[in-house]
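Asker: Sequence:
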Amino acid sequence: MSSQVTCRVADQNANPRGDERALAEQRALIATLEAQLWAGGTLDAALLPTYQAAFRRLEQLRRAPCHKFIIVIAVADRPQHLQACLGSLLEQCQAFGYGGMEHGAWRNIAVLIADDSRKASSIAWHGELARYFTRQGLVTHHCGPDEQLELLRSTPAAELARILGAGAPDAEGSFGHKGQAVMRNIAHLKLREMAAREAGQPLLFYSVDSDQEFKVKVATSQGHGDKEVCAVNFFHYLDEIFSRTDVEVLTGKVVGDPPVSPAVMAGNFLEDVTAFLQQMAESSPDDACRHHLADAHAEGEAAYHDMADLFGFRAAAAAYRYRCTLSGAHAEADCFAHFANRLGSFFYGEHPTRVSHYVYSGAPDTVQPARTVYVGNYVFRPSGLRYFIPFATLRLRMSGPTLGRIVKAEIGARFVSANLPMLHKRTVHSTGQAEFRPGVQAKAGTIDLHDEFERQFHGDVMLFAIERLTAAGFPLQAPAPAVIAATLDAVRAEMQKKYNAQHADILAKLDRLRTLLRDPAHWWNRDAAQAATVEACQVFVANATRNFGEHSPGYARINAPESWEKWRSGLLAAIVGYPADSAAWRTMLA
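Mapped onto my numbering, the consecutive letters of the sequence shown carry residue numbers 1 to 590.
Note that these hints are calculated values from the structure, not bench results.
Honestly, I wouldn't trust all of these hints.
Only pairs whose alpha carbons sit at most 25 Å apart, straight line, appear in this in silico DMTMM-like list of lysine to aspartate or glutamate [stated by the list, open to error]:
| no. | residue 1 | residue 2 |
| --- | --- | --- |
| 1 | LYS566 | ASP309 |
| 2 | LYS509 | GLU467 |
| 3 | LYS68 | ASP170 |
| 4 | LYS509 | GLU562 |
| 5 | LYS68 | ASP272 |
| 6 | LYS498 | GLU535 |
| 7 | LYS566 | GLU91 |
| 8 | LYS119 | GLU150 |
| 9 | LYS509 | GLU535 |
| 10 | LYS68 | ASP365 |
| 11 | LYS190 | ASP226 |
| 12 | LYS68 | GLU91 |
| 13 | LYS119 | ASP170 |
| 14 | LYS227 | GLU34 |
| 15 | LYS119 | GLU435 |
| 16 | LYS566 | ASP519 |
| 17 | LYS498 | GLU435 |
| 18 | LYS566 | ASP451 |
| 19 | LYS509 | ASP519 |
| 20 | LYS498 | ASP519 |
| 21 | LYS227 | ASP448 |
| 22 | LYS408 | ASP489 |
| 23 | LYS497 | GLU535 |
| 24 | LYS566 | GLU435 |
| 25 | LYS509 | ASP309 |
| 26 | LYS497 | ASP451 |
| 27 | LYS227 | ASP272 |
| 28 | LYS509 | GLU494 |
| 29 | LYS119 | GLU159 |
| 30 | LYS509 | ASP448 |
| 31 | LYS68 | GLU193 |
| 32 | LYS443 | GLU193 |
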């Protein structure tokens, strides 16, 4: 079948036609190829080049103008991540040819790098990446700290302080690490400026994170590992959705690493690590590895989240099996060592046992009303610039879901999601760590997550308080401050109860894991050759205990009355002030 399709593509290239019939035939061919590409639920990699070529042919036939995309990438001290992100974008352009090229550049793709770095070396590296990819045909603008400060000088700083931050360098003279929310809001100012120069062509803004790629992760059959492939034509399908509907904001999701903090994944991960050690205890170190066929699990269940029920998902009933990523012949001991060396990556956002994979369904057919914005993967029309990341200076996690509740309250069905997930890679392969991750402090093998933990907890409080307030008419109708305060207190009490219940569960799981790991009867404790593997596991348990154990600073802080008083004041002021902030922002845009 693949060879027959290849011949059809070649025939059309030999006899180009620019009429509507040729377009219709090419679209029908793409639909046929797409069905074959994903037949049986797995990717037919051999057919992928033909599928990509069919889209390139479609671009040659198109005459009607399509949307131009400006991709805005927020980045902070992550040059390796940024390079991979831009490289995948260039690969996407070359594979599918969206919009075609003109004068050596991709006609309908441009990039804005919104740089929130502190290190001068990172800023310089990011700027060089912009120049390099521009030379490759991907027009890329690097918006560094000096340009950001210039943008801010034209805004009413006092009225927009909760949206754009202080608007000045800190005491050390740096204008970096303002936080992703403030950085994205400042980037909106540059997008407004860029939009003013685009006349006569429909325009879309595409917000992505620097640790994401324009690829998807797919599981292969028979335990042959995963593939990261350029198999989804993001721009074509986004153009189609925005051309045929009045959608204003569209969000995708991510595959690969989870989009949440380790603070809400520890219980599930400890369960999985314990199950892995139990399986290892039942084997011998020289046995052939038996961890390449993982259990089948449904997608879309937020399986990585300890409190999945908060988002309407059912919690997993059992541990997930680890799926070994080693290739070639190897033994159980090799798998154990590899897994043990990956454990530390959990504290940077990986979840090796609950990696998510792309499951095909035609993107236009999956469009549905949304309630959560994935700030690392959402697209909006220029009119959507009015939706800044709310409560930016509080630096809360869950800012995307919070924004989503507000957008949904205002535009309803014009806010949608579609099955267009990007590949999410929290860590750099060479180190197993993130280049930079706010709220994670690592020193001499110890990891402290208490700052991220607090921002996660209070981000949850803000999210579910906003959810209740929008159900009552916010932000179009502003409740009295006393109503907002009571809502915050009620949600905080509920979140505190759930977090504390999860803490008790984690303590029990830590005890079981320690007992299993230290048991002298198990083969890894009777073989000196396994000392490094055991040490890696012990370091993981020590860091898990430090952050989630009985004396966890994070749990202590979310339970301290004085800490809540401080956070409550900030949350309350932000919500009470949101209608005025929004009005000032829209006036500035106009």
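Asker: With reference to the structure, classify each hint as holding or not holding.
Answerer: Against the structure, the hints come out as follows:
no., hint, result
1, LYS566 x ASP309, "violated (28 Å)"
2, LYS509 x GLU467, "violated (32 Å)"
3, LYS68 x ASP170, "violated (36 Å)"
4, LYS509 x GLU562, "violated (30 Å)"
5, LYS68 x ASP272, "violated (44 Å)"
6, LYS498 x GLU535, "violated (33 Å)"
7, LYS566 x GLU91, "violated (47 Å)"
8, LYS119 x GLU150, "holds (20 Å)"
9, LYS509 x GLU535, "holds (19 Å)"
10, LYS68 x ASP365, "holds (23 Å)"
11, LYS190 x ASP226, "violated (38 Å)"
12, LYS68 x GLU91, "holds (17 Å)"
13, LYS119 x ASP170, "holds (14 Å)"
14, LYS227 x GLU34, "holds (18 Å)"
15, LYS119 x GLU435, "holds (12 Å)"
16, LYS566 x ASP519, "violated (45 Å)"
17, LYS498 x GLU435, "violated (32 Å)"
18, LYS566 x ASP451, "holds (15 Å)"
19, LYS509 x ASP519, "holds (16 Å)"
20, LYS498 x ASP519, "violated (32 Å)"
21, LYS227 x ASP448, "violated (33 Å)"
22, LYS408 x ASP489, "holds (24 Å)"
23, LYS497 x GLU535, "violated (35 Å)"
24, LYS566 x GLU435, "violated (31 Å)"
25, LYS509 x ASP309, "holds (20 Å)"
26, LYS497 x ASP451, "holds (20 Å)"
27, LYS227 x ASP272, "holds (23 Å)"
28, LYS509 x GLU494, "holds (23 Å)"
29, LYS119 x GLU159, "violated (30 Å)"
30, LYS509 x ASP448, "holds (20 Å)"
31, LYS68 x GLU193, "holds (15 Å)"
32, LYS443 x GLU193, "violated (42 Å)"
Hints 1, 2, 3, 4, 5, 6, 7, 11, 16, 17, 20, 21, 23, 24, 29, 32 from the earlier list are contradicted by this structure; the remaining hints agree with it.
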